Amino acid sequence: MNKKSEEYIDFGVDSRYSTIEEKTSDAVILMQARLERMKNLPKEQIIRTKLIQLKLEMDEFLKQGTLGLSHKFSDFLGKYIDILYTKHAYFSKDLNITPVFLSQIINGHRLASEEFLLKLTVHSEKTFETVCFFNKNTWFQIFYQEKINQLIFRQDEWRSEIEKQVKFSELV
Amino acid sequence: MNIVDVSTDELIPIEILPVEKTDYKFISKNRYFFNWKEEQNQEVLKLIIKGKNDILGLISYEDIPEEWRFHIRLLTVSKENKGANRKYSKIAGNLIVYLAKLAIRKYGIMGCVSLRPKTQIAQHYIKNYKMKITGMTLSLEVPEILDLINQYENE
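One line per chain: the protein sequences are V and Y, in this order.
Those letters in the first sequence? Residues 1 to 172, by this note's numbering.
Those letters in the second sequence? Residues 173 to 327, by this note's numbering.
Simulated from the structure, these hints should not be mistaken for laboratory data.
If you're wondering where the values come from, they're calculated on a predicted model, not measured in any experiment.
Keep in mind that the hints are not guaranteed to be accurate.
To give an idea of the interface, some chain Y residues facing chain V are shown, with a C-beta separation under 7 Å as derived from the structure [stated by the list, open to error]:
1) Lys201
2) Asn202
3) Phe205
4) Ile244
5) Leu247
6) Thr248
7) Val249
8) Lys273
9) Ile276
10) Gly280
11) Leu287
12) Ile305
13) Thr309
14) Pro315
15) Glu316
Even for Gly, the Cβ is constructed at its ideal location relative to N, Cα and C.
Pulled out of the complex, with its shape left as it was, chain V reads as follows:
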């Protein structure tokens, strides 16, 4: 590569397609090659990708903050288990909890206990150790962010009853 081209690469690239035909033919060739390469992808790379995808989804949820009423904690927990285990029962055994307890958390019928969050954090730290950087506070942050979202977005449900109970006897 000559000096002039080295200078050129230094500032960037124009990678826009010149024509629709160019874009279409490139897409066909690229897709065939990608699918072929995908066939040879080892199982551990698939698991690694899914874990990084999950981590990126969790990071994005925390970055977005209060966006609405969604059961993200249980969604993310379900995905995490499905990536690593063939059966939820194996995960509950590894965490020394009952399958019923786990099922209730995943289905949103029970809140995760502090002990469960701690066990999940320890499990995730070990899982992500060789995969990518994983903030040890992530599960706590998601759990509490979801609770904050629910309090904010369910004001219609709790406000009238709570307002009845709050007095202002010495209001300045």
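Keeping the supplied structure of chain V fixed, place chain Y upon it in accordance with the hints.
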């Protein structure tokens, strides 16, 4: 994510944000090498140092859901960050990695970032970002795309 101050090796925290309409007043061809106003109807991102407004790099891209890929259209660093005397390094890399994260987050195992350089600069991207070449297209796919994400997250 960080860029590197070349004179001190100091890591400088950055943010990557969507370009707003008002930004285009400050995005000249002289400083950013391409006519970015042509990209106003595309997705365009800017790289800035956290807490500052000055744009150090730009990328425009197309999300192609039916192919599970993000295609880079234009990519550049600002004039003072080009060449041997540049102030900061890793600007282009951070912009590519940002797109790589979008691709993996949205498309998982099929996530892909592609590029179609018009000149002999392909070798630069193959060497520095471990891109694969298919015909005229360079692409970042699993597992190299994950390695690149990790590399930039750990720096």
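Going down the list of hints, with the structure as the test:
1. Given the 7 Å rule on beta carbons, the hint for lysine 201 (chain Y) is violated: about 12 Å separates it from the nearest Cβ of chain V.
2. Checking asparagine 202 (chain Y) against chain V: minimum C-beta separation of about 12 Å lies over 7 Å; hint violated.
3. Interface hint at phenylalanine 205 (chain Y): satisfied, since its Cβ lies 5 Å from the closest Cβ of chain V, which is below the 7 Å cut-off.
4. A least Cβ separation of about 5 Å between isoleucine 244 (chain Y) and chain V falls short of the 7 Å threshold, and the interface hint therefore holds.
5. For the restraint placing leucine 247 (chain Y) at the interface with chain V, the shortest Cβ-Cβ distance is roughly 5 Å, inside the 7 Å limit, so the hint holds.
6. Because the closest C-beta pair between threonine 248 (chain Y) and chain V is about 3 Å apart, less than 7 Å, the hint holds.
7. Below 7 Å, beta-carbon pairs count as interface contacts, and valine 249 (chain Y) has one with chain V at about 6 Å; its hint therefore holds.
8. At a threshold of 7 Å, the smallest CB-CB gap from lysine 273 (chain Y) to chain V is about 6 Å, leaving the interface hint in force.
9. Interface hint at isoleucine 276 (chain Y): satisfied, since its Cβ lies 5 Å from the closest Cβ of chain V, which is below the 7 Å cut-off.
10. The restraint placing glycine 280 (chain Y) at the interface with chain V holds, with a minimum CB-CB distance near 5 Å, inside the 7 Å limit.
11. Annotation: leucine 287 (chain Y) was flagged as interfacial toward chain V, and the flag holds, the nearest CB pair being 5 Å apart, inside 7 Å.
12. Among the interface hints, the one on isoleucine 305 (chain Y) is violated; its C-beta lies about 9 Å from the nearest C-beta in chain V, farther than the 7 Å criterion.
13. Contact between threonine 309 (chain Y) and chain V, as hinted, is supported at the beta carbon level, the nearest pair being about 5 Å apart and thus within 7 Å.
14. At its closest, the beta carbon of proline 315 (chain Y) sits 5 Å from a beta carbon of chain V; the interface hint therefore holds under the 7 Å criterion.
15. Annotation: interface hint on glutamate 316 (chain Y) violated; nearest CB of chain V at approximately 11 Å, more than 7 Å.
In summary, the structure is inconsistent with hints 1, 2, 12 and 15 from the numbered list given earlier, while agreeing with the others.
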